[in-house]
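Engineer: Listed below are the residues making up each chain.
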Amino acid sequence: MGNRFLLSELAAKIGAELRGPDGEVNGISSIEDALPGQVTFLSNPKYAVHVRGTKASAVIAKDPVPGAECAFLLAANPYYAFACALELFHPPERPPAGVSPMASVHPGATLGKDVTIGPFCVLEEGAVVGDRVALIAGVYVGKGSSVGEDSLICPHVTLYHGVRIGKRAILHSGCVIGSDGFGFAPSAKGYRKILQIGTVEIDDDVEIGANTTIDRAALGVTRVGRGTKLDNLIQVGHNVVIGNDTVIAAQTGISGSCKVGSRVMIGGQAGLAGHLEVGDGVMLGARTGVASSLSAKETSAWSGAPAMPHKTWLRMAMLLPSLPELFRRVKRLEDGKKGKEEE
Amino acid sequence: MGNRFLLSELAAKIGAELRGPDGEVNGISSIEDALPGQVTFLSNPKYAVHVRGTKASAVIAKDPVPGAECAFLLAANPYYAFACALELFHPPERPPAGVSPMASVHPGATLGKDVTIGPFCVLEEGAVVGDRVALIAGVYVGKGSSVGEDSLICPHVTLYHGVRIGKRAILHSGCVIGSDGFGFAPSAKGYRKILQIGTVEIDDDVEIGANTTIDRAALGVTRVGRGTKLDNLIQVGHNVVIGNDTVIAAQTGISGSCKVGSRVMIGGQAGLAGHLEVGDGVMLGARTGVASSLSAKETSAWSGAPAMPHKTWLRMAMLLPSLPELFRRVKRLEDGKKGKEEE
Amino acid sequence: MGNRFLLSELAAKIGAELRGPDGEVNGISSIEDALPGQVTFLSNPKYAVHVRGTKASAVIAKDPVPGAECAFLLAANPYYAFACALELFHPPERPPAGVSPMASVHPGATLGKDVTIGPFCVLEEGAVVGDRVALIAGVYVGKGSSVGEDSLICPHVTLYHGVRIGKRAILHSGCVIGSDGFGFAPSAKGYRKILQIGTVEIDDDVEIGANTTIDRAALGVTRVGRGTKLDNLIQVGHNVVIGNDTVIAAQTGISGSCKVGSRVMIGGQAGLAGHLEVGDGVMLGARTGVASSLSAKETSAWSGAPAMPHKTWLRMAMLLPSLPELFRRVKRLEDGKKGKEEE
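Residue numbers (the numbering used here), protein chains in the order written: chain W, 124 to 466; chain Z, 124 to 466; chain U, 124 to 466.
Hints were generated in silico from the structure; no laboratory data involved. Watch out, some of these pointers could steer you wrong.
Pairs involving identical chains hold if they fit within one copy or between any two copies, as the list cannot separate such chains.
Only pairs whose alpha carbons sit at most 20 Å apart, straight line, appear in this in silico EDC-like list of lysine to aspartate or glutamate [unchecked claim]:
no. : residue 1 : residue 2
1   : K316      : E216
2   : K316      : D327
3   : K434      : E216
4   : K266      : D156
5   : K185      : D327
6   : K312      : E210
7   : K312      : E155
8   : K420      : D458
All chains, please: the whole structure from these sequences, using the hints.
Structural biologist: Written out as structure tokens, the structure is:
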């Protein structure tokens, strides 16, 4: 189970400095669960106390923890070094290349080298799958859609027609890319569907969570930029444009035609109303409700609904439970009483 | 790519009046992206300024925009006329009729004329699929469920047993119709499942978004009325009844046994507690939290959590960030100081 | 359609006492819809008035309703007795055992006795499916994953590799178990994925709703305890641990590394920030936003965002619409006016 390294080798590979005795390690685990012969990591100094009790042979950390008996692998960015170490101990296994006889591949689809097309996948006419792409099972690739090389598409993903997925993307199970945007023209006889004739483009190195939905544009393109990571159960409406290296946590909803910048961080269950902009580098706390455009100029961190600077929101939120008391205090003042209630 | 029309022809077909020179057009695009030879539209007067810069040959609009050089196709409801024009330029293509040899169709299932049953679809015993219905791929139709004529069912949709889908419905990928409602009887030994023996009925002309879930009734029927449109990732609980021509935006949740009227509009991420009524014509803003029944009699627009008249909510929401300041002001008054803080 | 019983027989089987004349009954329905020959139930005394008008032959209730003409089946826990009666009238039908020739079963997978493996299911190497398990159709069971005996897995469920599902579980369509947790190490060159090498364990008697997603642990195990019930479209982050007999309503999100106790009740659209604890027996109202750990010691019922005692929240929420008025009242006081506004 897993590979083995000398700590000195491992240090060299992950760009860390070994502090302490060298020795062989064979796995990686959490601070609490690690056994002798394993490596663990400390990225949040708040958990330093656990390092003293760990059985791990070495800890990846920014600084040594005084009083700890294990070796240290010191790195400026320990979480990043940990990510690298994980890949060394658990090199990702691509499924074996080949096209399942139980897949349905249109003769007009194009397959790259060493692709994996699992059972019950459907590739429609004009679908293009790049080198070393893996469609695990039950993946639907619509007419003329393409998946860039080295991408991993998990079971039951749907790519509607004409959608473009970049290289090294990871699409988790059940996500839907290119469903129709939500557009209807009201009339006296009810709603008439606005055909959604645009498409979706997902750039390289994007990861998309399970059961997340990204609608195709009405006209034009819904776009997710390079390196952006979307968690599970997120809704991305039609014509949304998301920049590069943005991370969005689960169950957030982004309404149609929003522009979300690069290096934005959005907490879970946040919501953006339609046609607004969230600028580069903005951080939105969990459940933030954005009703108008925000940039990082005034302040980078926003929370609350409607969104306000995070610090204001913290003070406001702390006071909400005292609102009934405030009403009583104002009543007392109106009644001509001075000073605080004696309670 | 697409059809060609004289502007005069197009005007006649979409019920608009041509103002300006006639000429051939071959496509439709957004105001910013339109090229000569294309048509665009203006439904929100706020974007009128862009009309002056557009390269489009004609703009579908309510009124001509002074100073614009293009032709106009004038319509009382320009968004509706645009919907019609889109269909002319992009007539929807039904997939070719036929039953894939890679589908699993029970001999006791009934197929109408010219149906499309794509690969990896499952039709259980007693399933009924009307004329010209398309099940694209990987669609599951449970025992005794039926899909009305001309409906389009996208990949990976699940219809549990005994569910009825009307005519001309569009069900997007991953939506689940007829899963068990969430009902459990607590006891000293834990929860006991309440069998959900009811069903779901979806009326004609309904569209249901990707990964939306609609639970079957415990007893009786969960119902979605004619012409109603549901966006992605919506939850509809057991025994909910939704009227006609209602539109509900993404990630909204409707708890069990709610009655939602006709021509209701619900914004994204709204939530309705169980067993309540939202009357005909009510509008709920995004993220509204409805804890008791609402009708359009007092006011039609509601927002906030708990729901309050939209206008009240607007004022309230604007004041929330000033709550810390209000606490300080009350403290000052209690301390016997008059007037505003000098800040 | 359904079985027939004498009321006296039915009473004995569900642990109720017959009050009124014996007679044959053949079905179960709601108070409003029940016909002669059917049984109904009253669990909420608020609906007692409907009992007088019901056509049902008998009502399962805690106490007889004065003035009602039907028989009563008296039970201490009428909702539980109703659950039992439903099972008698509608004994759950397991689909016929057998492995579809249209399934893809790896020779290294292990199948118990009397399993149902429907069309387009995939069992990867090392997958283990216990006795009498039913995988209805299009279910994906990853490498080395196992499903305990008597479990029912609905269409289009995905179990990633190495996931363990207990006995008598019910997994509804489209749920995803074992997708990667959301973990990325930021660096100057963008985010680097933290491999998620942990797993998911779902204990016995758990039910998981449609399109719910449960991420695998980064290291270690994401765990859902015995008898716990999750509704639709719920997000459970990596390394979350949920206790036994907990119920969680639709669209709730539980961030990574949370510990949720046993017998907890969580309303719909609630959200828990990461790394916090919700103690045994806590009740969270719909849409509660939990930002720090909560226990049932201070109070068991919490609501609001940020979470506060439910009673405080009720008072607070009632006052929110009056906040604009409160600002005006404070302004009046600052202006030196006493008493209430004359409005």
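Engineer: Taking the hints in turn, state whether each one holds.
Structural biologist: Quick rundown of the hints versus the structure:
no.: 1; hint: K316 <-> E216; verdict: between (44 Å within a copy, 15 Å between copies)
no.: 2; hint: K316 <-> D327; verdict: between (32 Å within a copy, 14 Å between copies)
no.: 3; hint: K434 <-> E216; verdict: neither (45 Å within a copy, 53 Å between copies)
no.: 4; hint: K266 <-> D156; verdict: neither (48 Å within a copy, 24 Å between copies)
no.: 5; hint: K185 <-> D327; verdict: neither (31 Å within a copy, 42 Å between copies)
no.: 6; hint: K312 <-> E210; verdict: between (59 Å within a copy, 17 Å between copies)
no.: 7; hint: K312 <-> E155; verdict: neither (64 Å within a copy, 31 Å between copies)
no.: 8; hint: K420 <-> D458; verdict: neither (45 Å within a copy, 36 Å between copies)
Comparing the model with each earlier hint shows violations of hints 3, 4, 5, 7 and 8; every other hint is respected.
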